[in-house]
Amino acid sequence: MSFIELKNIYKKYPGADKNSVTDVSLNIEEKEFIAFVGPSGCGKSTTLRMIAGFEDITSGEIYIDGQKMNETAPKDRGIAMVFQNYALYPHMTVEKNISYGLKNMKVPSDEIKKKVDWAIKVLGLEEYRRRKPKNLSGGQRQRVALGRAIVKDTKLFLMDEPLSNLDAKLRVSMRNEISKLHRQIGSTTIYVTHDQVEAMTMADRIVIMKDGVVQQVGKPMDLYEHPANKFVAGFIGSPQMNFYDVTVNGNIVTFEDGSRITLPDSVTSKLGGRQGELILGIRGEDIKLDAQNIDLFKADKQSAVVENAEVMGNENNLYFTFGGASSVARVSKYEVSGIGDKIEFVFNPMRIHFFDKQTEICYI
Amino acid sequence: MILTKKQRRIEWALAIVMIILSLFFLFPVIWMIANSFKPDAAITADMNSVRAFIPPAPGGGFFDNYVSIITDTSFLRYMGNTLLYAAALIVLSVIVNGLAGYALAKIDFPFRERWLFIIMMLMIVPMETIITIHFLFIAKMGLLNTVIGYILPMIVNPFNIFLFRQVFISLPDDVWEAAQLDHCSAIKYFFTMVLPMSKTVVATVSVFTFLSVWNDYLWPSLVFTSSDLLTAQIGLNSITANVNTTMGMTLALITMVTIPVIIIYSLFSKQIVEGVVSTGSKEG
Chain H
1 MSFIELKNIY KKYPGADKNS VTDVSLNIEE KEFIAFVGPS GCGKSTTLRM
51 IAGFEDITSG EIYIDGQKMN ETAPKDRGIA MVFQNYALYP HMTVEKNISY
101 GLKNMKVPSD EIKKKVDWAI KVLGLEEYRR RKPKNLSGGQ RQRVALGRAI
151 VKDTKLFLMD EPLSNLDAKL RVSMRNEISK LHRQIGSTTI YVTHDQVEAM
201 TMADRIVIMK DGVVQQVGKP MDLYEHPANK FVAGFIGSPQ MNFYDVTVNG
251 NIVTFEDGSR ITLPDSVTSK LGGRQGELIL GIRGEDIKLD AQNIDLFKAD
301 KQSAVVENAE VMGNENNLYF TFGGASSVAR VSKYEVSGIG DKIEFVFNPM
351 RIHFFDKQTE ICYI
Chain W
1 MILTKKQRRI EWALAIVMII LSLFFLFPVI WMIANSFKPD AAITADMNSV
51 RAFIPPAPGG GFFDNYVSII TDTSFLRYMG NTLLYAAALI VLSVIVNGLA
101 GYALAKIDFP FRERWLFIIM MLMIVPMETI ITIHFLFIAK MGLLNTVIGY
151 ILPMIVNPFN IFLFRQVFIS LPDDVWEAAQ LDHCSAIKYF FTMVLPMSKT
201 VVATVSVFTF LSVWNDYLWP SLVFTSSDLL TAQIGLNSIT ANVNTTMGMT
251 LALITMVTIP VIIIYSLFSK QIVEGVVSTG SKEG
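Read top to bottom, the protein sequences are chains H and W. Heads up, the first sequence is in my numbering, so the first residue is 1 and it goes up one at a time. Heads up, the second sequence is in my numbering, so the first residue is 1 and it goes up one at a time.
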């Protein structure tokens, strides 16, 4: 049995006309770092809160460490949680915030001191231990919230968008700290975020949700390379995957604006004879502007005019219209193009995805 | 903020108007305090002159009126009684009205909004209209002339419930969820988290409760007949009714009753204003 098992979990709020969470089944192994990711309202936080016990389950079963938890109070589930808004006790110092739970659990005072000192040291809060939350920065507050969670020796950490209130730079450093902490402590962690970069960089496995339904569960690179459907393909990766309405006839792919490319037999064979109207997806980095690739696929060379260029420092994103759709190519920092420049490019045919136009399921 | 010349002139004009108005309202208080140090003869002699607003020079007999009150009457005891009742009522008021306010703000129960509506309606019912019911109720319970009989009907206050509810509704729910994971019970959460996080409203309710007890006349005059239990206001009335009480003593008594109110208002004016502002209403 897995450490956490969700069996056919449904959640419907009273008065709502549809489920907030529909038939979520998931196994999470001990010490795993799993991220729930999806847009706002996709049911990721609701699922997390059902695991925590803060939301009733409409139907289904939740098991933690082999025990059914449907009716168990949050405090008895053996969990620690880090909240989006930190949920620190504003009238208590850092030290007291961290030790409050242990005191309530009647842990001997010398042990409390040892644990609090350890947490404060691990999180680099030594000089703030007697400060109240209002005198701390966002990052420091989040570290206090983490401290409150790690001192409790629980096997399961739940984190509900813990970094969403921090600025971009701090988010990156806190991301690292949380990953380090996870490796150090080894607790199972369920991490909710709407930021796919956080999910990709931190999680062992990612659960992608949309409209309360799990779209795909897998390792970050599996999701990136082999998305189950158009939603997953579009959600994972930045910039977003380019999508084109195309008609496939044999090896020939015709775009809405009449542009054509020829697929190698190896790709066509993966389509399993599917022809006609499909959606073609390709990631920005698989649109190639370099001479070597253009020479390699010269028969399918395309051209467009750059409408916008984002200089990221380490790379450039070039925006243009092609095939009747807005497109972006992610190119190296040396491939500089300005707005209005004409560019020539090819699609790396081995990296093309095809999706069903109706179901949006990914064929390859 | 940098003010323009015109703005500065307006500020000055406003300040002058405020000072004149304050003096206008302060005149009776200054007159009372100044004359509370004088014998009756001096009060009568100064009545029609500006000296009526000037206390006598400190010296022998300066505090005679106050000494007479302390030595010849039980007024200090009445003040002590009132402070005791106020302290008990502050504690009970914060607990009972606070819990009710918390339930109305955070606990989902049937007809919650209707209960709130009823409580808000009760805010417009003047105390005087239900005082007979309170009296009969307390009399039937055999609690007339007891401290409990005095305190009991004063604990629940719709205004205080509403005040607490308005503040508690803005407390973040995730703090309660975090506290649950920290093995904190609901009652412990209320006392160790909710009240400390809402210090302003606790202070506001405490000040309002103190002032209502200190200034209350009608209810204690109905409940108490024993002179041992009288409050300051009733005590003031019973002492001044005595033929031996001089005008100077009466003014000293009124000064003694007034000063705690002035102190409370000066110390807690911020809380009083915040309390009134946070509810968008004002007490009776």
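Since the hints were made in silico from the structure, they are not lab data. In this text, all values refer to a predicted model and were calculated from it rather than measured experimentally. We treat Cβ as the ideally placed atom computed from N, Cα and C, and that holds for glycine. Treat the hints loosely; a few may be bogus.
Selected chain W positions facing chain H (in silico; Cβ < 8 Å) [to be verified]:
| no. | residue |
| --- | --- |
| 1 | Ile169 |
| 2 | Cys184 |
| 3 | Pro196 |
| 4 | Met197 |
Status of the hints after comparison with the structure:
1. Ile169: 16 Å, violated
2. Cys184: 6 Å, holds
3. Pro196: With Cβ-Cβ at 4 Å, under 8 Å, it holds.
4. Met197: 6 Å, holds
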